[in-house]
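S.K.: Read off the chains here:
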Amino acid sequence: MSKIAGRFQQLAAQGRKALVPYIVAGDPDLASTVPLMHALVAAGADIIELGVPFSDPMSEGPVIQKAHERALASGARLRDALAMVATFRERDPETPVLLMGYANPVEHMGYARFADEAAAVGLDGLLTVDIPPEEVAGVNAELHRVGLDNIFLVAPTTPRARIQSIVDQASGFIYYVALKGVTGAGHLDAEDVAQHLAHIREATTLPLAVGFGIKDADSARRVGAAADGVVVGSALVDTIARAAAQGASQEELLKAATELVASIRVGLDSIAS
Amino acid sequence: MTTDINTKLFASVPDADGRFGVYGGKFVAETLMSALSELEILYRRLADDPEFQRELDEDLAHYVGRPSPLYEARRWSDRVGGARILLKREDLNHTGAHKVNNTVGQALLAKHMGKRRVIAETGAGQHGVATATIAARLGLECHVFMGEEDVRRQALNVYRMKLLGATVVPVTSGSRTLKDAMNEAMRDWVTNVDDTFYIIGTVAGPHPYPMLVRDFQCVIGREARAQSLAQTGRLPDALVACVGGGSNAIGLFHPFLEDESVAMYGVEAGGHGVATGEHAAPLTAGTPGVLHGNRTYLMQDEDGQIMHTHSVSAGLDYPGVGPEHSWLKDVGRVNYVTADDAEALAAFHDLTRTEGIMPALESAHALAYAGRLAATMTPEQTIIVNLSGRGDKDIHTVADIDGIDF
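Protein chains in written order, with my numbering: chain E, 68 to 340; chain F, 13 to 418.
It cannot be assumed that every hint is accurate.
[To be verified] Restricting the straight-line Cα-Cα distance to at most 25 angstroms, the calculated cross-link-like pairs of lysine-lysine (BS3-like) are: (1) Lys-174(F) with Lys-127(F); (2) Lys-247(E) with Lys-322(E); (3) Lys-247(E) with Lys-123(F); (4) Lys-247(E) with Lys-174(F); (5) Lys-174(F) with Lys-123(F); (6) Lys-322(E) with Lys-282(E).
[Stated by the list, open to error] Covered stretches of chain E (in silico footprint by chain F; criterion: 3 or more residues with CB under 8 angstroms from a CB of chain F, positions within the stretch not fixed): (7) 191-198; (8) 215-226; (9) 276-290.
[Claimed, not checked] Pulled from the structure, derived: some chain E residues nowhere near chain F, Cβ distances all over 12 angstroms: (10) Ala-72; (11) Leu-97; (12) Gly-111; (13) Glu-136; (14) Ala-143; (15) Gly-168; (16) Asn-207; (17) Thr-250; (18) Gln-262; (19) Arg-268.
Calculated directly from the structure, the hints in this document are not laboratory data.
This structure is a prediction, so every number in the text was calculated from the model and none was measured.
By construction, the Cβ of each residue, glycine as well, lies at the ideal position given by its N, Cα and C atoms.
Based on the provided sequences and hints, a complete structural model is requested.
M.R.: This is how it looks when you write it as structure tokens:
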């Protein structure tokens, strides 16, 4: 069983939900990312989702777009994200880590080389926003060869008949996109999310995490009730950006990030199992 | 759209998955996948529907003003020497460029899908103007995304779009040019997918766009082929068209692909010169990758990040290219070459002064290469150059370069 699947199973046994924070590798600078990852785990994160900076992050709202721009300006690339995972693993062999990003950097490195390097640094999974099941055969073959999970998105616009073709390609967990739009947008409708999650559960036993639009303890609690976990991206990235813009020290930066994540942890743990 | 003169090879793309060999495909976020399927199903149905074809043909004839003339540029031909050069006058279309052939077609699709809002990306502004124009005619709400840098250098077209009732949204992310406008249009589409039709302006983007934009632009080549036979009694020896995303080039080339005697040249923007790295020539100097929903040749660095491009013409300032061009390059059917900023500007002035036709700076790249090519050919041979747009929109750019302040 993969580390990601194991973590979800362990949480389910405890009646708890997975908290999956997202940060961009190299935002606001190269040196902060690994300390941030450790701090997020200490604050209650179960799985770390590390964004791979890309010049054209088509699915991101303004907050995460700017994080990609800052990370690129600090020099962070795919190989740096992999190196950060290696460094993180020196102190934390347990917490699952997945990379989230766009097809081109992975494609340019080569699927086989990416899989080898990812396995060597102790990465657990990959989520490429712009590789749908129709295009995934090449990359999945390599990920499976080295035992990495491939995480897929299911959207509110995904027809029920299509859900099966997605979950058949997926492992680790399914990432349900809670709203039509880019990251960080809009208003969540918890009932609508719960209904879609029910449809997905008819097709798979994989755990379901919900992301896009979860910004605090309350939204995490409302959406988390029907899910197995929540992803917190824009709200956390925005907290980091604000602290960095005010010239915060690394210590202050970690404090701001951990306060948000710890409060969401409390919200999630308040869901009666 | 009923003429099919292609061999099995050229008619075989795209396949059912939208691939041209290894290129093309549908590399988009899951939220858009069902919208793309819906569009493909509708398009495949309407492409064979005589009523839809009649509607489209009527718009092309009476609104766009087709057929566009095939004009022999005798004075300019004499000046460059060698082969006879004929210009396919897409600049004479309503709105002044080939772009409208496609917007008329996609707007009809939007109407059939019952969408009340259309969006578009634009570089030079020609596609934005063509979209705003058809939106005005059909009473559709229209939002055009345009890089802040292009808003500055194409102020005239920005105002034209506003006069037509469109909202022009300046894009301030990334390099603030066409690629970023396309990112932003995709973000809008993913948010408003229920009521919005995305009118992509070139033969790029996810399947089925490269196929349907090609099909709508093929009217250029079908006309040119018939006109060449009628006016010169033979097929041309060579076709030349500029390539940014590549819609005017594919429109001219595609109906000739089976004609083995016809050589084809797609002219990319050489910018300050390919050797300087400051250009927009992915087929000449790039490598395959994935951007904006398809696999194609890209200008990218060693980490797979998309590079900034440079061209004097906003419409060619794009780091990717339509996937069918990538395939045509690999199978060797089309030659991809470059003309740099200085050559394009010289051709702009030359054609204006010898023929009284002011070309768009994009089209001037094709003219610059055609001039070079003609000089190596004989007076019995002919070249058709796609004069894809008129140059009025570029007067400010040219004046700036010449140091003239209005």
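S.K.: Look at each hint and say if it fits the structure.
M.R.: Quick rundown of the hints versus the structure:
| no. | hint | in the structure |
| --- | --- | --- |
| 1 | Lys-174(F) with Lys-127(F) | holds, 21 angstroms |
| 2 | Lys-247(E) with Lys-322(E) | violated, 32 angstroms |
| 3 | Lys-247(E) with Lys-123(F) | holds, 23 angstroms |
| 4 | Lys-247(E) with Lys-174(F) | violated, 28 angstroms |
| 5 | Lys-174(F) with Lys-123(F) | holds, 22 angstroms |
| 6 | Lys-322(E) with Lys-282(E) | holds, 17 angstroms |
| 7 | 191-198 | holds (count 3) |
| 8 | 215-226 | holds (count 8) |
| 9 | 276-290 | violated (count 0) |
| 10 | Ala-72 | holds, 21 angstroms |
| 11 | Leu-97 | holds, 14 angstroms |
| 12 | Gly-111 | holds, 28 angstroms |
| 13 | Glu-136 | violated, 7 angstroms |
| 14 | Ala-143 | violated, 10 angstroms |
| 15 | Gly-168 | violated, 10 angstroms |
| 16 | Asn-207 | holds, 15 angstroms |
| 17 | Thr-250 | violated, 10 angstroms |
| 18 | Gln-262 | holds, 17 angstroms |
| 19 | Arg-268 | holds, 17 angstroms |
Hint violations for this structure: numbers 2, 4, 9, 13, 14, 15 and 17, all remaining hints satisfied.
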